[in-house]
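Generate coordinates for the entire structure from the input sequences, incorporating the hints supplied.
For what it's worth, full-length UniProt numbering labels the leading residue of the sequence shown as 1, then goes sequentially.
Be careful, since some hints might not be right.
[To be verified] Heads up, simulated DSS-like pairs for lysine-lysine below, C-alpha to C-alpha not over 27 Å straight-line: (1) K43 - K93; (2) K43 - K67; (3) K67 - K92; (4) K67 - K35.
No wet-lab data here; the hints were simulated from the structure.
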Amino acid sequence: MWAAPTTSIKRGTMTNANGDDIVAGAGFFYSYAPKGGLKLQLKNVTISNGIATSSDNKKFWYVDSTKYTVDQYDFNIDKGEISNLKTIFDVKKNEIPGLPDGMTIDTDGNLWVALFGGARVIVVNPSTGQLVRTIPIPTAHQITSVAFGGPNLDELYVTATTDDETGSVFRVTGLGVKGLPAFPFDLPVLPLNLITRVGPNLHVIITVRSE
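Spelled out as C-alpha cells, the structure:
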C-alpha cells in the first residue's frame, strides 16, 4: 500500500487459487480516495509489489513481480490516474537473479528495488533505464522490501524472509543518498468497513474509522 500526495492510497492485489498457488493475471491494482472512492487502475496483475512516484508527481513506477520488470506510467495527480505504460528495466534481460519486489525512490530520482531470491537491492536510473548500483545482502537471499529512514532519511532499511535471516530487517548506512518522505493518509469520517470484491476467491477490505 502506498499513500499519494493528494490524500489517496494505492493498493495492489493477487489471488491464490486454493490458498497456495498464485493465479497468474488474476490480481488488480486499485487506488482509493475519500471523495473518489475505489478506482481500478490495472488489470491482469499477478503479484503486485513495489510502488513509487517522482518528486514532481508526474511519473509513477510499479512492479508486478512475475513480469521481472519495473514499469513506468505517466501520473495525472489531479485525476488520480496512470497511463502510457513503458518498461524501464527488465531484471531477467539484464541477467540479474531474483524477482523485483518492494521499491522506493531517492532524492536523485533513482529507484531502489529489492530482489526476492537475489540477495541484493539494485538501483535503477528510470530516465536512462540503466543499473547504477547494487547493494548485496549476503546473509539473506529473499529480499522483500526497502525504505529510507532515520532522522535524515539517509539510512536504507531492507526486509527479508526465509533462509537463516527469517523476518529480519537490515539497516544499510553510508550510502551517500537520501530518500523522499512518505505522505500520511487518514480516513477520519467513514463509519463502516468498505468491502469490495476484486477477483475470484479474494476480497479487499479497507477498514476505516469514524471520529
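Against the structure, the hints:
Annotation: proposed proximity of K43 to K93 holds, straight-line Cα distance about 24 Å (limit 27 Å). Restraint check for K43 and K67: the C-alpha separation of about 14 Å stays at or below 27 Å, so the hint holds. With a C-alpha separation of about 9 Å, the suggested pair K67 and K92 falls inside the 27 Å cut-off, and the hint holds. Between the alpha carbons of K67 and K35 the distance comes to roughly 33 Å, so the proposed pair goes past 27 Å and is violated.
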